[in-house]
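Number of protein chains: 4
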Amino acid sequence: MTVKIPRDKEYDYTREAAETRRRFLNEQTNSDANHVGQFSFEPSVLQGNIENFIGVAQVPIGLAGPILINGEYAAGEFFVPLATTEGTLVASYNRGMKLLRESGGVTTTVVDDAMQRAPVFVFKSAREARDFSVWIKENFDEIKIKAETTTSVGKLRDIQQFPASRFLYLRFNFTTGDAAGQNMVTQATQAACVWINEVYPYIERFQLEGSFATDKKTSFVNTLHTRGKKVVAEATIPAEKLKKIMHVSVEQIFEARLASQFGGYLAGVNNNGAHSANGITAMFIACGQDVANVAESSAAAVYAEITNSGDYYFSITLPSLIVATYGGGTGLPTQRECLEIMDCYGAGKAKKFAEIAAATVLCGELSLGTAVIADEWVSSHERLGRNRP
Amino acid sequence: MTVKIPRDKEYDYTREAAETRRRFLNEQTNSDANHVGQFSFEPSVLQGNIENFIGVAQVPIGLAGPILINGEYAAGEFFVPLATTEGTLVASYNRGMKLLRESGGVTTTVVDDAMQRAPVFVFKSAREARDFSVWIKENFDEIKIKAETTTSVGKLRDIQQFPASRFLYLRFNFTTGDAAGQNMVTQATQAACVWINEVYPYIERFQLEGSFATDKKTSFVNTLHTRGKKVVAEATIPAEKLKKIMHVSVEQIFEARLASQFGGYLAGVNNNGAHSANGITAMFIACGQDVANVAESSAAAVYAEITNSGDYYFSITLPSLIVATYGGGTGLPTQRECLEIMDCYGAGKAKKFAEIAAATVLCGELSLGTAVIADEWVSSHERLGRNRP
Amino acid sequence: MTVKIPRDKEYDYTREAAETRRRFLNEQTNSDANHVGQFSFEPSVLQGNIENFIGVAQVPIGLAGPILINGEYAAGEFFVPLATTEGTLVASYNRGMKLLRESGGVTTTVVDDAMQRAPVFVFKSAREARDFSVWIKENFDEIKIKAETTTSVGKLRDIQQFPASRFLYLRFNFTTGDAAGQNMVTQATQAACVWINEVYPYIERFQLEGSFATDKKTSFVNTLHTRGKKVVAEATIPAEKLKKIMHVSVEQIFEARLASQFGGYLAGVNNNGAHSANGITAMFIACGQDVANVAESSAAAVYAEITNSGDYYFSITLPSLIVATYGGGTGLPTQRECLEIMDCYGAGKAKKFAEIAAATVLCGELSLGTAVIADEWVSSHERLGRNRP
Amino acid sequence: MTVKIPRDKEYDYTREAAETRRRFLNEQTNSDANHVGQFSFEPSVLQGNIENFIGVAQVPIGLAGPILINGEYAAGEFFVPLATTEGTLVASYNRGMKLLRESGGVTTTVVDDAMQRAPVFVFKSAREARDFSVWIKENFDEIKIKAETTTSVGKLRDIQQFPASRFLYLRFNFTTGDAAGQNMVTQATQAACVWINEVYPYIERFQLEGSFATDKKTSFVNTLHTRGKKVVAEATIPAEKLKKIMHVSVEQIFEARLASQFGGYLAGVNNNGAHSANGITAMFIACGQDVANVAESSAAAVYAEITNSGDYYFSITLPSLIVATYGGGTGLPTQRECLEIMDCYGAGKAKKFAEIAAATVLCGELSLGTAVIADEWVSSHERLGRNRP
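Going down the list, the sequences are from chains F, V, Y and B.
Take the first sequence: its position 299, counting from 1, is numbered 296 in this note's numbering, and each next residue is one higher.
Take the second sequence: its position 133, counting from 1, is numbered 130 in this note's numbering, and each next residue is one higher.
Take the third sequence: its position 181, counting from 1, is numbered 178 in this note's numbering, and each next residue is one higher.
Take the fourth sequence: its position 287, counting from 1, is numbered 284 in this note's numbering, and each next residue is one higher.
The hints are simulated quantities; they were obtained by calculation from the structure and are not laboratory data.
Any given hint could turn out to be false.
Heads up, the list lumps identical chains together, so a pair's fine if it works in one copy or across two of them.
No farther apart than 20 Å at their CA atoms in a straight line, the calculated lysine-lysine pairs in the PhoX-like style are these [said to hold, decoys possible]:
#1 Lys152 with Lys141
#2 Lys240 with Lys121
#3 Lys1 with Lys238
The structure displayed is predicted, hence computed values, not measured ones.
The shape of chain F in the complex, shown without the other chains:
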């Protein structure tokens, strides 16, 4: 018969319960979890964050910065904690931050903000679904009231409609304050749907999620319509800074950009930049974010051009950056400390954190982008030096 992982029904969030499970593991698998078992806080703080707690992953954090940001919420210089095990990642972002500091900083703008739950309602035929779509529009105010009964923070902004076959897919867009808000919008949408299901007579059935949210997935609907924050980070890098610090010319980097963004278009990428996932993931692990949201938060759209003055305008738009400065893992000991390094813990800080994340990503894009080219340039140089035909 299958053994069961030990749980203590009363006192499960304790050092003892964790140790009991580690001993059980040791017996079952003949492996040790000594380092895992060393953590600096009381397990009682973990209620609501983990089940069957056995200890911690100690993920090394490196410090990058300062990064200079001209944001609406983040203004000035910031140090950014990056949790990763990938060598050179911190150094690379740091190098990009230096370039941007000397270039006047990164301008950041939060251009949209919405968290979704996307129920689908099923009807006898498309015609009943179409009629329902009119009803949804006409009864928005009432639906909003029902949804917001479950939350003091979440506000139902609008409901998008996507009819197909005998279904009406809806996308409930909420603002969720400084929480990421996935649970908040689930409960609110559930409340609204239960009410709709009661009062509208022709519904065959509904599902609380019809895959239009699209939670923990990248998708065109999210890229087009935001999930979490949509943030733009942009900067104009003077040609001489690019040359001095990165050893590449504006023409070289732009030429490489054109070739790689054409490749990305052909390859069907959800991100025509270089490696935004690296910076985002490292910040997410350090700062107690829901790291699985890297699936959607790593989507990106780079736009770059040479300015009339011969400098390099570079921007990155993150269409679905999901961040929180409150709730979830943000209050855990090391996670909160990391948020506090950037003064990003607690109420009123989510957009600030989103701006710092986007600015950090931009620094990393320019750092990797130029490194690749500088190498290539060197090899071209060698080749030319060999006097080839």
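With chain F held as given, fit chains V, Y and B onto it using these hints.
Positioned in the frame of chain F, the structure of chains V, Y and B alone reads:
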């Protein structure tokens, strides 16, 4: 003038250097990093994994399992460490593991295995690029030799060609043993490209990456052609188990599946399942993987059907699961311990780890999928109980 | 020096001018255009439809039907003219129409209707673009007035916003009566943009089209948000009809459907059905539609399931079906006749035509879908007959 | 009871049979098909091209050209027949051809050539499917022999494999000479599959098409791997020609290009150009192509840049251009004449036709692209003339 993060040129991977940086942070930002500063190992182990080390993120680990797997590399029962701060995640995967245990386990198959670097070569016109494509085919053996001079592990399997405009985008596919292999294939491809660039006369320039890799991005090319391991996890769940443990019928879950996969198709998702990113991310953080690869590793393709006997066949294909059991962060203290819980540390274990990850993902899909429906069913039930017309 | 195609400045839309050009062609290319030169109408009717007229393509038309439709605009039986040179196409659609006639007909519903022009406005940075987005919302009524000055038919329904980098991409959605309306919305949007450009001070420049329309292209934005009509055609086929007429069982067709829609999802299709382009193109050529719109009109989303009673529910959603019954080529001699066969020429008929097109497409899907399976079934049968292990 | 369209079992491809059907139509629908009934050839030529023939669509043809092409198959000046009812289309392509003539012509290169049928084989589990994938590779030579028994023209080039779940999707790539080849490859693949199904023991079932072909659909797999011809058309337009003929500067057109290709990337287009579907469709109707293939043939990838000398390099890659100069509708009276205008009828001409089509498309892209900008520039100019702040 901008302050600089302190570094010790000689002894930077020490407790003292880390503490110096934390003190610096405290001065600069008026924040503390007390918990961050508490770790259980010597920083000297971190060389090659991090720069500007200040301490660690302590990410709670919960234990799920045992999961029963009928794999070619992973056979039997395993306990799975999941590092996350999202409440209910561990419980949900655990619940799915129970269902699958009682249903005879998860069958796993690694169906493809390749890591890429994708250089682009630029020519005067499409015609020269087309001629070059012939040359690449004819000279594959020599190119393979040049590439493999840089590695004893990596093997160049084949080179895919994607011509467009005056470019030839190439995709070098390598097997990389038990390392994820991104750096390995970069060096090998670089060596091959430098040689190609020397001997083939008509190249205008080349870039080591033309966005066809597509590293840390999700893309159609990766979904079609694998990045890392392509793994299938599948199982047939007896109808009575689904009813007993998950409280849903096969018809209910399949009906919901059809509606949600239709929604996902319309929404343009890279994953027509529920939340594979959750399980993958939690295993990646615990086990020292490159967590930013969640961007591509979270892609998934679910296929489900009702069998002739009325049971539920469910499968998930992970087309680009990037895992390592050697190198990168796998050897760090807590990370190695987590791999060892599953006997997945070191040489010869990467496919085993891939199978466990895919099997875990499948359990999570069925757990969330049925929970959503059971709720809906309850609410439908209430509604019916109210005797509505 | 290059020769020039002859044109008559005054009388160019005449039989003589056409003949002059055919003679010129004969001299230049040593080819004849005898059949091309035989047409049954006065070229004067072609003003606004063609330049450098030399004659006509005689595209054979086959007749399919009657098709039985339960539409809101098309109700009853219709004969459908299909212009094609692909053998079996007409026969195949005809066969599907028979199945659907015996199954009670096709239900059709127009669920959305909009034609777009999508200008992009360029700003100094994302922040100015974001502020402009607020202004656009606040000034919608005025923008609508300006846009509608250019047309008595087109109505500006709403303006969707897609901010990215320092751009604001807008999607002006119009209803356009019975015209396809591309030119109508272009002029209306142009008028609105010129006014916006005059009154809003911070615009760097604008382009009348920023690729969000997406005219003559398939795209996710069109699939999600309609271009032209979004039409659903659906039917429930009794199991015995499927067996009697198509020689397949519901289980066989559904099993094949699951496998092919999974393949389509993986392949990244814009159409998870079989061949909607065939029927749409043949109707478009016959009926004077803008046939190049097949690029977007051929997008489709099939949803099918087995009903509780064991019959086959099948639906196809055409998200971007662009049709006209007025303007463009609809008034030309053969084209008008073909529209009149279905009583679809002129004012008030566009949605009727859209319904007939969608219903026709559905018949073709079921015809091809079942033919493929019946063949396969035969070959399986042979195999089994050979008594293989 | 439903009336039936009259057919003559013996003599159905006659003027009389067509007239009988038109009279029937007149009785049933009270509409006339007088113009439809006027055609210049004997219906006997239509066997294999149409069923239930009633007459023809007379689609007006305009002449554009000459276009100057530097192709490998098409070299020199050509006149291009375009069948359309969309006013300005011919004029616009003509204008582009003038620009390109004065700029030295369009360079065209066929870079790939393959037509597909994509069967899917179903197995008990992914493991059997994976083993089968090895068998397919090992038995390629035999499979090729079986496939080619059905055709003297078609050659099986290679078989791509796409494993997922318990399926193995295969993509049989053939060269098909001067026919489009869809039927040819269907029969050849069917023959191969029947044989495979007989000799390989573990197949549950197979379908001749698993949606990886992707016939009459646009898809990422086709964009990546060609369907029909993959053709590149490219040219460098001197800055002064652009200014003189099109009234725009290189900087203006490139700036507009960057904004619109960014928009297209965000919108999820299958074509980041302007309107390739227009030229392709008009050529396809005139020249007896399978016009429904516009669905896939309209996919395109534009790449443009400013050269070191300040001129404009512009290219368009058509990844899935399906053309025939033999078979299908190519031999019908007006269709053959149109092919002969370009000396493109019959054996050995398919690549020539593909080059002319791609070159024509390029001319249309530059014509529309510059027209849009010139307008915008005028309006900007007006605005500046009004002395705005």
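*Up to 20 Å CA-CA - Lys141 versus Lys152, copy category*: within (8 Å within a copy, 29 Å between copies)
*Check Lys240 against Lys121 for me: Cα-Cα at most 20 Å, and say if that holds within a copy, between copies, both or neither.*
The answer is neither: 65 Å in one copy and 24 Å across copies each exceed 20 Å.
*If the cutoff is 20 Å on CA atoms, where do Lys1 and Lys238 land: within, between, both or neither? Let me know, please.*
Only across copies: Lys1 and Lys238 sit 19 Å apart there, 61 Å inside one copy, limit 20 Å.
Of the numbered hints stated above, the single one contradicted by the structure is hint 2.
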